Amino acid sequence: MGQSILLTGATGAIGPHLLQQLLQDEAFERVFVLIRPAAQRDPGASLHDALRRVIEGTDRCWPHRPERRVIPVDGDICREGVVLDPDVANRLRQDVDVIVHAAANTRFTAPLSDLHAVNAQGTRHVVQLASHCPRLRQLLIVSTTCVAGTRTGLIAERVEVQAPEFVNAYEHSKWRAERASLAADLPIRIARLSTCMGDGRTGYVHRFGAFHHSLHWFMRGLIPMVPAADGACVDVIPTDLAARWLARASTRPLERHEVCQVAAGQHAVPVEEFLNFVVACLRARAHGWARRQIEPPVVVDAQTFTLFQKTAIQSGDALFRRVLESVRTFLPALLYPKVYQTDHAAACWGGPLPVGDWRSTIEHVMDFALERRWRSRAGAGVHRA
Amino acid sequence: MSGVAAVLPPRSYSLDELAAAGLLDSSPQTLAGLGFERAYISDADSRPEQMALDAARAALDDAGLGPHDIDAVIWAGARTESHILRADAASPLSPPDVLSGFRYASAWLQQQLDLRNADVMAVAQQGCSTMFSAVRLARTLLIAEPERCHHVLCVGVDVLPAGAPREILYNVISDGACAVIVSRGCLSDVWLGYRQISRGYYGDPAVCGPEIIAAYFPVAKAVIDQVLCEQGLRPDQVDVVIPTGVSHASWDVLLRLTGVPSDRLYRGVASFGHTMTSDSFVFLSALRRAAHVPRGSRLLLFTYGFGSSWCGLLLEH
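If you read the protein sequences in the order shown, they are chains A and B.
Sequential numbering from 1 applies to the first sequence in my numbering.
Sequential numbering from 386 applies to the second sequence in my numbering.
Keep in mind the hints are simulated off the structure, nothing from the lab.
The reader is advised that the hints may include incorrect statements.
Claimed, not checked - With a straight-line cut-off of 20 Å between C-alpha atoms, the simulated EDC-like cross-links for lysine to aspartate or glutamate are: (1) A:LYS310 / B:GLU532; (2) A:LYS310 / B:GLU422; (3) A:LYS310 / B:ASP446.
To be verified - So the derived label-pair ranges between C-beta atoms look like this: (4) A:ALA280 / B:PRO546: 51 to 59 Å; (5) B:VAL575 / A:ASN276: 52 to 60 Å; (6) B:ALA655 / A:GLN303: 44 to 52 Å; (7) A:PHE277 / B:VAL575: 38 to 46 Å; (8) B:ALA655 / A:ALA229: 33 to 41 Å; (9) B:PRO546 / A:GLU56: 54 to 62 Å; (10) A:ALA45 / B:ALA405: 55 to 63 Å; (11) B:ASP610 / A:PHE277: 37 to 45 Å; (12) A:ALA229 / B:ASP504: 54 to 62 Å; (13) B:ASP428 / A:THR152: 27 to 35 Å; (14) B:ALA405 / A:GLU165: 38 to 46 Å.
None of these values were measured; they are calculated from a predicted model.
Beta carbons: idealized from backbone N, C-alpha and C, even for Gly.
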């Protein structure tokens with residue numbers, strides 16, 4: 001009997017990339033994909049659509065007969081037991097060798113209660129499901145480097161006992177998810193992904209997130225200031241690296257618990273260098289951008305940014321207010337300069353992480369976003385399975 | 386600058402009064418939080434042309450000059466209507482036709498003040514930075530025509546129509562007028578440098594509101610950085626920053642951005658709102674009268690005007 005894997009979050013930002021990679025690698029004979037029935041009337045169709053768009057968008061080849069290997073499963077991580085049909089749940093428990101939990105609510109501005117319900121409580125439910133799978137070799141939990149919160153300096157690949165201060169509720173909810181999962185006596189690997197820009201070769205972005213919205217607002221000249229500490233860097237990776245790493249990690253043996261940071265680490269880019277490159281990209285690409293002569297954002301300290309926010313939010317302009325309320329949930333992370341350790345991630349990969357040329361990825365992502373007019377078909381917001 | 390003067394209407398209204406009259410979009414509390422207290426509004430007894438005339442007379446007094454000493458007049462108004470005399474101030478014989486659009490306020494001023502030796506011209510289409518360009522052109526005239534031009538009178542005035550909203554982009558708007566005489570060889574408030582950045586992309590404030598708010602600070606910083614750099618000055622070598630009447634909080638942000646110490650901001654005038662063309666000269670006139678800023682101090686004036694133009698002017702007091 002071949003190996004089976006269960007994937008949650010298959011229609012999210014990373015999930016379709018990972019599904020494509022899993023199907024391409026053929027390490028698993030069957031790929032169970034958890035899908036919320038409420039999310040789509042025809043879960044199978046939505047999954048197929050997500051897979052098709054990723055394959056076309058990233059210019060990859062179709063895997064051999066995916067319909068025979070991909071098995072949609074009705075479920076919801078927010079419900080205890082996760083899988084809705086008892087018979088399906090039973091089969092899954094007997095068959096599954098690896099679970100990759102990628103479902104999450106990634107809306108930084110979402111209420112804390114919603115984020116905890118999906119990210120922390122949802123992860124608990126997946127861990128419970130995993131604990132009933134006798135063949136389980138690994139529960140691979142997709143987390144985020146953001147769980148470091150306001151810590152500075154070298155960020156180790158371990159779960160800290162003490163919670164740091166967090167920049168937003170999303171970070172907090174993911175930290176709680178990590179803590180909860182490591183309480184289980186299971187082979188659990190936590191993959192903290194850095195910010196995923198888009199496909200490194202084509203710039204394809206399945207679902208625009210905070211990073212892409214920032215680029216869009218940046219292009220419109222709606223981000224006049226970026227709060228950042230001296231020495232702060234932007235840590236970004238291509239999405240395909242994240243997907244390839246997760247697919248490879250799902251086949252790697254694991255003793256008990258491991259935390260891996262899939263990040264640029266020492267190769268992260270200084271903030272000003274990053275901003276200057278984005279400006280150069282926009283001037284070369286965006287129609288009329290050079291003529292508008294939009295000034296690049298000014299890099300400022302925390303106090304100046306706070307003063308500016310106060311002034312601007314008091315101004316009451318609806319669009320500007322929305323932009324500010326959104327960016328203040330993540331840009332202040334740059335006030336806490338840090339470097340992510342990537343030793344575990346590299347060891348799991350089998351060598352240094354191929355983070356690639358961030359400039360080239362940004363250029364591709366810009367081209368993609370401009371062509372799509374900054375709209376991803378999948379829409380924004382909550383995505384979980 | 387040999388003479389500087391500013392005139393506000395005698396009648397002012399509190400934020401609560403303005404709100405009760407339906408002249409504000411934001412709440413009085415919000416606007417108070419931005420540093421606004423009241424708006425000065427002209428009435429039949431303080432018509433714009435009269436305020437301009439009063440400001441010009443006061444500037445002549447300040448400079449110790451007579452009307453016949455003035456070689457050129459530059460009229461400045463942010464609003465198109467500021468350049469045309471209102472019907473009730475014009476000759477009753479003026480026909481109510483297209484010719485009424487040529488009843489220029491600058492001509493009326495020349496006549497009223499008997500500026501018989503002055504060439505008359507005007508500056509427009511720069512919003513609240515119009516007066517800065519008038520002063521810049523005045524200096525240019527002195528340089529370009531050394532034999533003919535010795536004293537140039539710049540007069541700015543802006544008044545909103547009766548009943549118009551008194552809030553524009555979260556600024557409380559007052560009516561007001563100012564006058565500046567730029568004189569050759571004058572040793573007070575000497576021109577050191579000027580920088581202007583104009584961005585036509587932001588030309589329609591009704592459409593580009595959020596973009597203008599966002600662009601304001603980065604471009605303002607660029608202007609101030611450049612005007613200081615061109616004079617080889619560090620931000621901490623600015624002795625006094627002459628503000629405008631826009632939100633107090635925005636000045637705190639701008640000073641932090643540019644590195645000019647916050648204690649350099651001149652606060653010698655109680656909040657009077659934003660008078661469009663006249664703000665900076667309301668403050669400068671007060672500073673000159675107060676006479677507590679040492680001679681030789683470096684004054685930085687900055688303003689933004691719809692259009693959009695950001696202007697920085699550096700003076701030696």
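(message) Are any of the numbered hints broken by this structure? If so, which, sorted upward?
(response) 1, 3, 4, 5, 6, 11 and 13
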